[in-house]
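S.K.: Sequence:
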Amino acid sequence: MTPSQDRDEAFMRLALNEARAAAEAGEVPVGAVLVKNDAVIATGRNAPIGSHDPSAHAEMVALREGARRLGNYRLDGCTLYVTLEPCAMCSGAMLHARLDRVVYGAPDPKTGAAGSVIDLFAQPQLNHQTRVQGGVLASAGAELLREFFKERRMNPHPLREDALRTPDAAFENLPGYPWAPRYLSDLPALGGLRLHYLDEGPALGQAQGERTLTWLCLHGNPAWSYLYRHMVPVFLGAGHRVVAPDLIGFGKSDKPKKDGAHSFTWHRQVLLEFVERLDLRDVVLVVQDWGGLLGLTLPMAAPDRYRGVLLMNTTLATGEAPLSPGFLAWRDMCASKPDFSVSRLFARGNPQMSEAECAAYDAPFPDRGHRAALRAFPPMVPEFPDSDGAAVGREARRFWREQWQGQSLMAIGQQDPVLGEPVMRALREDIRGCPEPMLLPQAGHFVQEHGEPIARAALRHFSPSDS
257 MTPSQDRDEA
267 FMRLALNEAR
277 AAAEAGEVPV
287 GAVLVKNDAV
297 IATGRNAPIG
307 SHDPSAHAEM
317 VALREGARRL
327 GNYRLDGCTL
337 YVTLEPCAMC
347 SGAMLHARLD
357 RVVYGAPDPK
367 TGAAGSVIDL
377 FAQPQLNHQT
387 RVQGGVLASA
397 GAELLREFFK
407 ERRMNPHPLR
417 EDALRTPDAA
427 FENLPGYPWA
437 PRYLSDLPAL
447 GGLRLHYLDE
457 GPALGQAQGE
467 RTLTWLCLHG
477 NPAWSYLYRH
487 MVPVFLGAGH
497 RVVAPDLIGF
507 GKSDKPKKDG
517 AHSFTWHRQV
527 LLEFVERLDL
537 RDVVLVVQDW
547 GGLLGLTLPM
557 AAPDRYRGVL
567 LMNTTLATGE
577 APLSPGFLAW
587 RDMCASKPDF
597 SVSRLFARGN
607 PQMSEAECAA
617 YDAPFPDRGH
627 RAALRAFPPM
637 VPEFPDSDGA
647 AVGREARRFW
657 REQWQGQSLM
667 AIGQQDPVLG
677 EPVMRALRED
687 IRGCPEPMLL
697 PQAGHFVQEH
707 GEPIARAALR
717 HFSPSDS
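Quick note, the sequence shown lines up with residues 257 to 723 if you use our numbering.
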């Protein structure tokens with residue numbers, strides 16, 4: 257091996273290190289190194305996903321940094337080492353930068369512009385000619401790409417760069433929650449985020465007869481589908497289907513890193529697409545807290561899918577009435593103490609819960625980075641008529657007052673200082689045909705922690721022939 261070959265391989269190994277770093281960040285593993293006079297001027301790795309920049313290929317990143325450091329876009333006397341044959345975009349930039357030489361590793365039969373698909377470097381009419389050499393440590397670069405895409409195929413729900421995912425170990429051995437996880441990441445509104453949900457009991461097409469219902473259980477903040485663990489067995493025991501998603505940012509669903517990723521309109525759209533994807537029918541909508549703020553806007557979009565609604569300590573957010581003092585106190589607490597203990601919050605209002613049950617509500621949020629939704633949701637409640645979600649809330653109120661044809665049932669935890677009996681009785685006036693509520697004097701905001709008798713009452717109310 258000649259000294260020049262040794263030198264090329266040494267710099268290509270540095271480029272391979274950049275490619276490995278790209279793979280660890282969830283990017284296609286391509287790395288680049290810019291060299292002048294045997295000194296590294298700049299490095300680059302693929303970053304179009306993380307930077308939201310379609311031009312952020314490894315070569316482009318290295319060229320930009322090199323030009324900045326040298327103070328000139330013309331990179332005369334420089335050699336660029338890259339682990340994969342450059343595409344047309346990168347090849348054009350290399351020629352424009354007047355590189356002396358380009359050395360690449362593996363060929364790219366799909367987009368390679370140095371000979372595999374086209375050869376931009378062999379165009380004699382161009383006013384600059386850059387020498388090109390391929391195949392340097394090609395097998396190493398190709399192997400990185402093979403392993404990366406193999407893992408992608410094995411993992412159909414790759415984690416987005418701008419999101420976090422609570423480790424599965426955090427959810428091991430939770431009391432009263434034996435159900436297998438299910439995931440979706442291909443709903444248009446999700447944009448690749450992974451949404452977790454329970455789907456138990458007979459699926460559509462398996463169940464026969466009008467007595468079979470689908471109970472769509474929607475949680476609020478800072479809970480997740482674990483909140484329904486006392487109700488799910490009751491519904492399943494009656495032969496019904498139960499579907500319970502974790503909102504994005506909660507439970508086993510992915511958690512965007514930025515508070516600003518969350519909005520009323522976006523979460524509602526995710527739920528609309530979720531109901532459509534699972535083709536849920538004969539639905540009894542079960543809502544509490546944010547499960548109601550969002551969920552009560554769903555049936556008007558597809559009223560034929562819904563047969564009933566079970567309302568627990570929630571409201572319709574229209575932006576017309578002042579927010580309650582209890583909610584304002586909660587919002588202020590969340591803002592002043594963003595690291596509040598979720599488990600202690602549940603323990604204070606539910607003395608019957610075990611320590612392990614309370615800890616299950618901490619499980620989704622191992623650190624501050626996972627808590628963006630907890631910070632984002634309190635100020636997301638529509639406060640003014642033009643707040644996000646307020647107009648659709650008013651539209652939903654008209655639907656429930658004037659067009660709702662299904663059955664309704666209300667259960668109120670009377671110890672709730674935020675969405676307790678006064679708020680719920682006002683909501684009852686907006687639900688056509690809603691009977692007198694079921695009152696639970698011992699229950700607080702998280703009324704599902706007393707959910708078994710509520711579920712049994714709901715079975716009698718919505719499917720009396722099954723009771």
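Think of the hints as simulated: they come from the structure by calculation, not from any bench.
You may find that some hints are simply not true.
As the list claims (entries may be wrong) - Straight-line Cα separation of at most 30 Å, BS3-like style, residue types lysine-lysine; simulated pairs:
1) Lys593 x Lys513
2) Lys593 x Lys514
3) Lys366 x Lys406
4) Lys292 x Lys406
S.K.: Of all the hints numbered above, which does this structure not satisfy? Sort the numbers upward.
M.R.: 4
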